[in-house]
Each structure stands twice: as C-alpha cells, then as structure tokens.
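Each protein sequence line maps, in turn, to chains A and B. Numbering-wise (our numbering), the first sequence opens with residue 47 and increments by one. Numbering-wise (our numbering), the second sequence opens with residue 47 and increments by one.
The hints are simulated quantities; they were obtained by calculation from the structure and are not laboratory data. Glycine is no exception: its CB is placed at the ideal position from the N, C-alpha and C atoms. One or more of the hints may lead you astray.
A short, non-exhaustive set of chain B residues, derived as facing chain A with CB atoms under 10 angstroms [claimed, not checked]: (1) Asp-48; (2) Glu-64; (3) Ile-67; (4) Gly-92; (5) Gln-97; (6) Leu-108; (7) Asp-109; (8) Pro-112; (9) Leu-119; (10) Ala-120; (11) Ala-125; (12) Leu-127; (13) Gly-129; (14) Ala-139; (15) Glu-142; (16) Lys-157.
The calculated DSSO-like cross-link candidates involving lysine-lysine, where the alpha carbons are at most 30 angstroms apart (straight line), are [claimed, not checked]: (17) Lys-115(B) with Lys-83(A); (18) Lys-115(A) with Lys-157(B); (19) Lys-157(A) with Lys-103(B); (20) Lys-103(A) with Lys-115(B); (21) Lys-103(B) with Lys-83(B); (22) Lys-157(B) with Lys-83(A); (23) Lys-157(A) with Lys-115(B); (24) Lys-103(B) with Lys-103(A); (25) Lys-83(B) with Lys-115(A).
Okay, the calculated beta carbon distance ranges per label pair [to be verified]: (26) Phe-59(A) with Glu-88(B): 17 to 25 angstroms; (27) Glu-64(A) with Asp-107(B): 16 to 24 angstroms; (28) Glu-63(A) with Glu-88(B): 21 to 29 angstroms; (29) Glu-110(B) with Phe-59(A): 44 to 52 angstroms; (30) Leu-105(A) with Glu-126(B): 34 to 42 angstroms; (31) Asp-80(B) with Glu-63(A): 23 to 31 angstroms; (32) Glu-73(A) with Glu-142(B): 42 to 50 angstroms; (33) Asp-80(B) with Glu-73(A): 17 to 25 angstroms; (34) Asp-80(A) with Glu-88(B): 43 to 51 angstroms; (35) Leu-105(B) with Ile-93(A): 21 to 29 angstroms; (36) Ser-81(A) with Asp-48(B): 33 to 41 angstroms; (37) Gln-104(B) with Leu-127(A): 42 to 50 angstroms; (38) Ala-53(A) with His-149(B): 49 to 57 angstroms; (39) Leu-127(A) with Glu-88(B): 36 to 44 angstroms.
Below, each chain spelled out in residue letters.
Protein chains: 2
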Amino acid sequence: MDVEALAENRISFDDFEEVDIRVGRIESAAPIEDSDKLARLEVDVGIETRQVVAGIKQLHDLDELPGTKVVLLANMETAELFGYESNGMVLAAGEEADLLTTHGDAEPGTKIR
Amino acid sequence: MDVEALAENRISFDDFEEVDIRVGRIESAAPIEDSDKLARLEVDVGIETRQVVAGIKQLHDLDELPGTKVVLLANMETAELFGYESNGMVLAAGEEADLLTTHGDAEPGTKIR
C-alpha cells in the first residue's frame with residue numbers, strides 16, 4: 047500500500063479543539079440519482095439528526111447502512127450538492143471509504159478527542 | 047447521557063486538511079509508573095512507529111491492547127510527559143475513552159478524511 051507522507055506541520059491541542067468530531071449513527075441512506083458517487087445520509091448526532099452527502103454510493107451497500115455507527119466531522123461548513131444540503135462529513139479511511147467507528151458502545155453525540 | 051453542545055464555529059475542508067488523522071495499530075502498551083492515568087503506547091502508523099502517551103491506564107486493560115487498531119491524530123505537537131515524548135494522540139470517544147477504529151480492514155498509515 048502507498049502511504050501518503052505524514053504532515054510536516056504540527057497542530058496544538060487547542061487547534062484540534064476547533065474540530066468537532068462526534069459519534070453518529072446512520073438512520074437512512076439513499077442514492078442521489080443524478081450523481082455517480084454521492085449518497086444522501088441522515089445521521090443521528092445525539093442532539094439532532096443531520097443530512098450529510100457522502101461519496102460512498104459505489105463503495106457501500108446503502109441498504110446495509112441504517113443503524114451503522116459512524117464518526118462525523120460535525121462542524122464542517124455546510125455545502126449544497128446536487129440540490130441537497132450537506133451538514134457534516136462522515137469520516138472514512140482511504141479510497142475504499144472504510145468508515146470509522148468505535149471499539150465500544152459510545153452513543154451518538156459523544157465527543158471525540 | 048449529557049451531550050456537549052455542538053460547535054458553533056464551522057471549518058472548511060481546507061482547514062480540516064491541516065489535521066492529519068491516520069489508522070494505526072498498537073504494538074505495545076505499558077503503564078507509566080509515576081502517573082495514575084497515563085500509559086505509554088507504541089503505535090504503528092504505516093511508515094513509522096510512534097511513541098504516544100495516552101490517558102487510558104485505568105480505562106483499558108493494557109495487556110489486551112497490542113494488535114488493536116486505533117485512529118491517531120498524527121500531526122499533533124510533540125509533548126513530554128513524565129519524561130516520555132508523546133508524538134501523536136490516540137482518538138477516543140467520551141470519558142470512557144472508547145477507542146476509534148474502522149469497520150473494515152484499512153491498514154496502518156491509511157489517511158482519514
């Protein structure tokens with residue numbers, strides 16, 4: 047496997063506190079018909095449910111996703127994609143979009159540090 | 047469960063690219079004798095092995111940790127704690143330190159976005 051070079055810049059703990067990452071749970075997943083890659087997810091983040099557009103249409107079986115624990119960058123700027131607002135980014139590893147989760151039973155909304 | 051308020055500030059994708067998060071694998075875990083909370087881990091991040099000090103001594107069975115997949119903030123400023131350099135931060139959810147992982151088989155070094 048090719049591994050991307052590690053970042054040369056370093057960040058402080060305070061810098062990282064600007065990044066709000068949460069446990070989430072996918073409630074629904076639907077393809078965006080006009081897009082080859084994008085799916086529209088609803089993700090429970092504990093105190094609200096977010097609509098998130100994610101590039102996983104071809105990488106995951108959308109029917110299998112409801113109930114799946116994920117990890118969400120919760121304070122990303124919103125964007126509009128194919129007419130859908132995306133409010134957050136589901137975090138995943140690599141080109142296969144291997145979705146993040148936790149080893150244990152942390153509930154949606156739990157803050158990650 | 048109390049859920050911390052979601053961040054009001056928003057960040058861009060470019061801001062998030064300043065944060066280098068990787069899949070890692072714990073190679074070893076040892077208590078730091080002089081500390082109640084801290085353990086010293088060696089974490090494979092694909093192209094190197096990092097020594098990381100983590101506040102998980104009382105929250106995890108250190109003997110069980112070698113081989114565990116984790117997720118590492120790889121470009122955190124280094125710090126020295128109880129005489130040990132910490133080069134990165136193992137990400138975990140909540141006060142129980144529920145360690146992050148992936149659902150699939152992403153290998154150490156894989157970049158997370």
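Status of the hints after comparison with the structure:
With its C-beta approaching chain A no nearer than about 9 angstroms, Asp-48(B) sits inside the 10 angstroms limit, and its interface hint holds. Because the smallest distance between the Cβ of Glu-64(B) and any Cβ of chain A comes to about 6 angstroms, under 10 angstroms, the interface hint for this residue holds. Among the interface hints, the one on Ile-67(B) holds; its C-beta lies about 8 angstroms from the nearest C-beta in chain A, closer than the 10 angstroms criterion. This hint holds: Gly-92(B) has a C-beta 4 angstroms from the nearest C-beta of chain A, less than the 10 angstroms allowed.
At a threshold of 10 angstroms, the smallest CB-CB gap from Gln-97(B) to chain A is about 15 angstroms, leaving the interface hint violated. Restraint check, Leu-108(B) versus chain A: the minimum CB separation of about 15 angstroms is more than 10 angstroms; hint violated. Annotation: interface hint on Asp-109(B) violated; nearest CB of chain A at approximately 16 angstroms, more than 10 angstroms. At about 14 angstroms, the closest approach between the beta carbon of Pro-112(B) and any beta carbon in chain A exceeds 10 angstroms, and the interface hint on this residue is violated.
Because the closest C-beta pair between Leu-119(B) and chain A is about 6 angstroms apart, less than 10 angstroms, the hint holds. At a threshold of 10 angstroms, the smallest CB-CB gap from Ala-120(B) to chain A is about 6 angstroms, leaving the interface hint in force. The restraint placing Ala-125(B) at the interface with chain A holds, with a minimum CB-CB distance near 9 angstroms, inside the 10 angstroms limit. For the restraint placing Leu-127(B) at the interface with chain A, the shortest Cβ-Cβ distance is roughly 12 angstroms, beyond the 10 angstroms limit, so the hint is violated.
With a least beta-carbon distance of about 20 angstroms to chain A, the hint placing Gly-129(B) at the interface is violated under the 10 angstroms criterion. The beta carbon of Ala-139(B) is positioned within 10 angstroms of a beta carbon in chain A (closest approach about 4 angstroms), and the interface hint is therefore held. With a cut of 10 angstroms, the hint placing Glu-142(B) at the interface with chain A holds, because the nearest CB-to-CB distance is about 7 angstroms. A hinted interface residue such as Lys-157(B) counts as satisfied when its beta carbon comes closer than 10 angstroms to some beta carbon of chain A; here the least separation is about 5 angstroms, so the hint holds.
Distance hint between Lys-115(B) and Lys-83(A) is fulfilled; the C-alpha atoms sit about 28 angstroms from each other, no more than 30 angstroms. Distance check on the hinted pair: Lys-115(A) and Lys-157(B) sit about 19 angstroms apart at the alpha-carbon level, within 30 angstroms; holds. With a C-alpha separation of about 20 angstroms, the suggested pairing of Lys-157(A) with Lys-103(B) holds against the 30 angstroms cut-off. Our distance criterion of 30 angstroms between C-alpha atoms is met by Lys-103(A) and Lys-115(B), whose separation comes to about 26 angstroms.
Distance check on the hinted pair: Lys-103(B) and Lys-83(B) sit about 5 angstroms apart at the alpha-carbon level, within 30 angstroms; holds. At roughly 20 angstroms between alpha-carbon atoms, Lys-157(B) and Lys-83(A) fall within 30 angstroms of each other, so this suggested pair holds. Under the criterion of a C-alpha separation no larger than 30 angstroms, the hint pairing Lys-157(A) with Lys-115(B) is consistent with the structure, at around 19 angstroms. Proximity of Lys-103(B) to Lys-103(A) is assessed by CA-CA distance (about 40 angstroms); at most 30 angstroms being required, the pair is judged violated.
Note on Lys-83(B) and Lys-115(A): the hinted pairing holds, with a Cα-Cα distance of about 28 angstroms set against a maximum of 30 angstroms. Distance hint check for Phe-59(A) and Glu-88(B): the Cβ-Cβ separation is about 21 angstroms, which falls inside the suggested range of 17 to 25 angstroms. Evaluation of the 16 to 24 angstroms hint for Glu-64(A) and Asp-107(B) yields a failure: the beta carbon distance comes to about 33 angstroms. Checked against the hint of 21 to 29 angstroms, the pair Glu-63(A) and Glu-88(B) passes, with Cβ atoms roughly 26 angstroms apart.
A hinted range of 44 to 52 angstroms is violated for the C-beta pair Glu-110(B) and Phe-59(A), which are about 27 angstroms apart. Checked against the given bound of 34 to 42 angstroms, the beta carbons of Leu-105(A) and Glu-126(B), roughly 41 angstroms apart, stay inside it. Between Asp-80(B) and Glu-63(A), the C-beta spacing of about 27 angstroms keeps the proposed range 23 to 31 angstroms intact. A hinted range of 42 to 50 angstroms for the beta carbons of Glu-73(A) and Glu-142(B) is inconsistent with their spacing of about 24 angstroms.
Between Asp-80(B) and Glu-73(A) the C-beta distance comes to about 46 angstroms, which lies outside the given range of 17 to 25 angstroms. For Asp-80(A) and Glu-88(B), the Cβ-Cβ distance of about 48 angstroms falls inside the hinted range of 43 to 51 angstroms, so the restraint holds. Between Leu-105(B) and Ile-93(A), the C-beta spacing of about 25 angstroms keeps the proposed range 21 to 29 angstroms intact. In this structure the supplied range 33 to 41 angstroms holds for Ser-81(A) paired with Asp-48(B), their Cβ-Cβ distance being about 38 angstroms.
In this structure the hint that Gln-104(B) and Leu-127(A) lie 42 to 50 angstroms apart at CB holds, the actual value being about 44 angstroms. Separated by about 25 angstroms at the C-beta atoms, Ala-53(A) and His-149(B) break the suggested range of 49 to 57 angstroms. Here the CB-CB span from Leu-127(A) to Glu-88(B) is close to 41 angstroms, well matched to the stated 36 to 44 angstroms.
This entry does not satisfy hints 5, 6, 7, 8, 12, 13, 24, 27, 29, 32, 33 and 38, going by the numbered hints stated previously.
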